[in-house]
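*Asks:* Whole structure, please, built from the sequences with the hints as guidance.
The primary structure of each chain is shown beneath.
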Amino acid sequence: MSTVHTHVDTHVHDAHDHGPAKGWRRWVFATNHKDIGTMYLLFSLAMFFVGGVMALIIRAELFQPGLQLVDPMFFNSMTTMHALVMIFGAVMPAFVGLANWMIPLQIGAPDMALPRMNNFSFWILPFAFTLLLSTLFVEGGAPASGWTMYPPLSLQTGPAFPMSIFAIHLMGASSIMGAINVIVTIMNMRAPGMTLLKMPLFTWGWLITAYLIIAVMPVLAGAVTMLLTDHFFGTTFFSAAGGGDPVMYQHIFWFFGHPEVYIMILPAFGVISEIIPTFSRKRLFGYDAMVYAIASIAFLSFIVWAHHMFTVGMPLAGQMFFMLATMLIAVPTGVKVFNWAATMYKGSLTFEPPMLFALAFVFLFTIGGFSGLMLAIAPADFQYHDTYFVVAHFHYVLVPGAVFAIMAAVYFWLPKWTGRMYNMKLAKTHFWLSAIFVNVLFFPQHFLGLAGMPRRIPDYSTQFADWNMVSSIGAFGFGFAQILFLIVILQSIRGRSGVKATDKVWDDGMPQGLEWTLSSPPPYHSFEVAPEVK
Amino acid sequence: MLKILKYVAAAIAAGLPAGAAFAAWEVNMPVGVTELSREIHGLHMLIFWVCVVIAVLVFSVMIYSIVKFRRSKGAVPATWDHSTKVEVVWTVIPIAILVGMAVPAAETLIKIEDMRDSELTVKVTGYQWQWHYDYLDKGVSFFSRLDRKSDAARQLRSGIDPRTVENYLLEVDNRFVVPVDTKVRVLLTSGDVVHAWWVPEFGLKKDAFPGFITELWFRATRTGVFRGQCAELCGYDHGFMPIVVEVKSKEDFEAWLQEQQATTGTPAAQTAAAPATSQLETDAALTVARAE
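Chains as they are written, first to last, in this note's numbering: chain A, 1 to 534; chain B, 1 to 292.
Read the hints as simulated data drawn from the structure, not as lab findings.
Just to be clear, a hint being listed does not mean it is correct.
Chain B residues, not near chain A, derived (Cβ > 10 Å throughout) [stated by the list, open to error]: (1) R71; (2) T79; (3) G139; (4) R157; (5) T182; (6) K205; (7) A262.
Computed from the model, here is a short list of chain A residues facing chain B with C-beta under 10 Å [said to hold, decoys possible]: (8) R283; (9) T311; (10) T366; (11) G419; (12) M421; (13) M424; (14) D466.
Note that beta-carbon positions come from the ideal geometry of N, C-alpha and C, so glycine has one too.
*Replies:* Printed below as a string of structure tokens:
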């Protein structure tokens with residue numbers, strides 16, 4: 001991205017300037033992208049803790065062999081709900097929140113293109129999750145067939161079944177609306193002079209993610225609707241007895257599921273590509289290559305889905321194709337990691353909390369990438385599939401991957417949002433505790449999987465006891481460390497922590513995006529007159 | 001010193017009962033006892049070391065940068081931001097490595113899918129939550145489910161320490177018996193939901209679907225007892241449907257088979273089938289109850 005020069009007339013908007021509405025109306029009737037972004041972020045933070053408590057219940061039961069705390073059905077509900085809450089409640093809304101806050105600021109737009117739909121897409125979520133979480137209290141308990149909801153098992157779910165499917169429909173509708181908003185905003189509201197290849201990488205990552213969401217969320221809706229009609233209306237899409245096929249569900253689900261994985265990581269790539277140059281004081285290495293790498297990964301995500309199902313007995317040619325296509329993903333992903341490393345090389349590095357999280361992201365996401373490459377090798381996958389090795393793999397790309405990127409983004413932009421620096425010491429403590437415990441938590445799970453422990457089991461044979469205990473200790477350490485995150489954020493919001501942030505916040509040379517030309521915090525309505533990008 | 005370590009390792013290995021290759025603090029995949037499992041283990045180690053080498057290279061550059069190019073040490077940032085040459089290099093080299101990886105992987109995959117010339121075929125059916133083994137054309141079939149000691153200990157707050165139970169959760173009432181050095185073809189299906197049949201020492205797992213047949217094969221090259229578990233979430237007791245395979249010498253297997261056939265074909269099942277059937281009926285009732 002080339003250097004951005006702007007001419008912002010800061011006095012232009014006091015003619016009809018109006019602040020936020022008072023009280024609850026500001027939030028319920030919100031159309032301001034900053035307010036909606038804030039609500040998304042706070043909602044996802046709440047869900048992060050709800051999903052986290054579920055994870056701790058799982059790890060507490062797995063602390064030692066034998067069943068001490070919960071019965072197997074509730075355990076299965078916890079693994080299922082943990083996944084649904086974290087994916088649809090924590091990670092995705094967090095990125096939508098970041099998109100709402102940052103995309104208009106990064107492209108010099110006054111707001112999102114469709115503010116009322118923006119309001120709607122957020123306010124669906126509390127209802128969707130109330131519905132989903134209320135299944136914990138219905139007869140037969142919450143869904144317990146895994147977040148993948150494979151039939152026929154998922155068809156054995158009780159009253160929670162239609163409730164969870166309706167909740168998923170709502171979440172999907174919300175995501176699609178969010179994605180439409182992102183695309184329309186980026187395509188139509190960029191400041192004059194901001195060509196596509198001058199956009200910041202966070203915006204680029206989100207643009208491509210938004211297309212993925214629009215492409216695959218309807219597929220998920222279709223899959224779960226077929227489950228619904230199989231259950232209640234006598235269809236047999238997924239039952240051999242009526243000419244259907246349970247494997248077809250898995251194909252449809254993973255045609256959604258694999259792009260979904262990238263929906264959770266491409267905006268993270270964007271965040272990291274903003275932070276590393278800032279704290280290296282050096283422009284991002286290979287900007288064009290980074291954009292093309294994101295686009296290639298997005299394209300490949302549509303042709304690799306069946307690597308999640310090598311064990312279903314596909315024809316040899318099918319297994320070959322999906323193995324080779326999956327291995328190809330390593331190439332653009334490698335380009336990204338190499339470019340981040342090259343950005344740091346010969347830079348001038350400092351290690352504020354956003355940079356710490358970004359660095360941990362690059363190291364640990366890469367480890368998740370390596371285990372992903374191992375999983376791509378179909379013959380070896382016959383051993384890895386459905387073991388803790390897989391659990392370790394996707395938690396490495398999702399926790400020190402996506403979640404660390406979200407935390408890095410929050411620590412990066414929080415002073416811009418609130419206008420105040422936060423407690424750096426506490427944030428650094430949060431980082432070190434998180435970075436250490438996340439490895440104590442997930443690294444041993446590689447060993448467990450390789451040694452033969454299947455995933456989604458509430459109890460295990462005694463030879464798995466030692467690493468499980470280590471993993472559980474890591475889980476509690478990681479979980480409690482997140483309380484620090486909450487404290488840092490709340491202090492910053494309430495303006496109790498530290499000095500006022502400058503407009504550039506971090507450094508006078510870098511960062512360079514348009515968001516840093518505004519005051520900290522930015523005015524309620526920003527860029528009413530479009531800045532000019534040269 | 002190395003020699004002593006070797007002897008110690010050998011002594012420990014010799015002391016282990018057959019099939020108990022798992023140890024606490026285990027960190028790697030078992031090499032296994034079939035030709036396929038050994039090849040798969042080889043692929044696993046190959047890709048692992050490829051990853052380690054790449055990781056060392058990339059992480060070295062990053063750690064070097066973190067140590068060397070600090071502002072606190074007066075580092076001045078360079079102004080370059082791309083280099084077509086290195087970008088081509090680090091796109092092409094990974095492609096070459098991947099091709100090198102794909103060739104052996106494809107070869108093994110072809111072997112895994114070669115079901116021809118099997119010498120014994122067994123139909124394995126998954127049920128919630130037990131396995132049924134049917135030796136086709138041999139007139140022998142039986143159910144296989146978690147043994148009583150494990151079952152007692154695994155109840156919620158049972159008060160029984162799992163460590164006092166031998167092969168906790170990995171023992172069954174009726175073992176799946178196969179002959180050594182024989183290509184055994186396993187036909188998998190299910191009576192209810194999706195299950196997956198997996199014995200780590202054999203290198204493979206495969207899903208079992210209701211109404212469909214999937215297949216896998218193995219040829220165990222030594223006798224012993226090998227343990228695995230259902231590997232696809234199948235409901236309440238998914239964690240409690242182990243698989244235990246006993247590989248016997250060919251003579252011992254024939255003797256076992258004849259003994260089974262002599263006692264009316266499904267002898268092991270005489271004891272197991274009755275409770276097993278009632279269990280199935282209960283499950284069906286439960287399913288109906290849930291549906292209502």
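*Asks:* Are the hints correct? Go through all of them and say.
*Replies:* A quick look at each hint next to the structure:
1. A beta-carbon of chain A comes within 10 Å of the beta-carbon of R71/B; the shortest separation is about 4 Å.
2. Look at T79/B: its CB is around 8 Å from the nearest CB on chain A, not clear of 10 Å, so calling it non-interface is violated.
3. For G139/B, the requirement that its beta carbon stay farther than 10 Å from each beta carbon of chain A is met, with the minimum near 27 Å.
4. Some Cβ of chain A comes within 10 Å of the Cβ of R157/B; the nearest lies about 6 Å off, and the non-interface call is violated.
5. Against chain A, the non-interface label of T182/B holds: every CB pair exceeds 10 Å, the least being about 20 Å.
6. Here K205/B does not stay apart from chain A, with its beta-carbon only about 6 Å from theirs, under the 10 Å limit.
7. Distance to chain A confirms A262/B as a non-interface residue, since its nearest Cβ pair spans about 34 Å, more than 10 Å.
8. Annotation: interface hint on R283/A holds; nearest CB of chain B at approximately 4 Å, less than 10 Å.
9. Of the supplied interface hints, the one on T311/A holds, with its beta-carbon coming within about 5 Å of a beta-carbon of chain B, less than 10 Å.
10. Restraint check, T366/A versus chain B: the minimum CB separation of about 7 Å is within 10 Å; hint holds.
11. Of the supplied interface hints, the one on G419/A is violated, with its beta-carbon coming no nearer than about 25 Å to a beta-carbon of chain B, more than 10 Å.
12. Against a cut-off of 10 Å between C-beta atoms, the interface hint on M421/A is violated, since the closest Cβ of chain B lies about 18 Å away.
13. Because the smallest distance between the Cβ of M424/A and any Cβ of chain B comes to about 15 Å, over 10 Å, the interface hint for this residue is violated.
14. For the restraint placing D466/A at the interface with chain B, the shortest Cβ-Cβ distance is roughly 5 Å, inside the 10 Å limit, so the hint holds.
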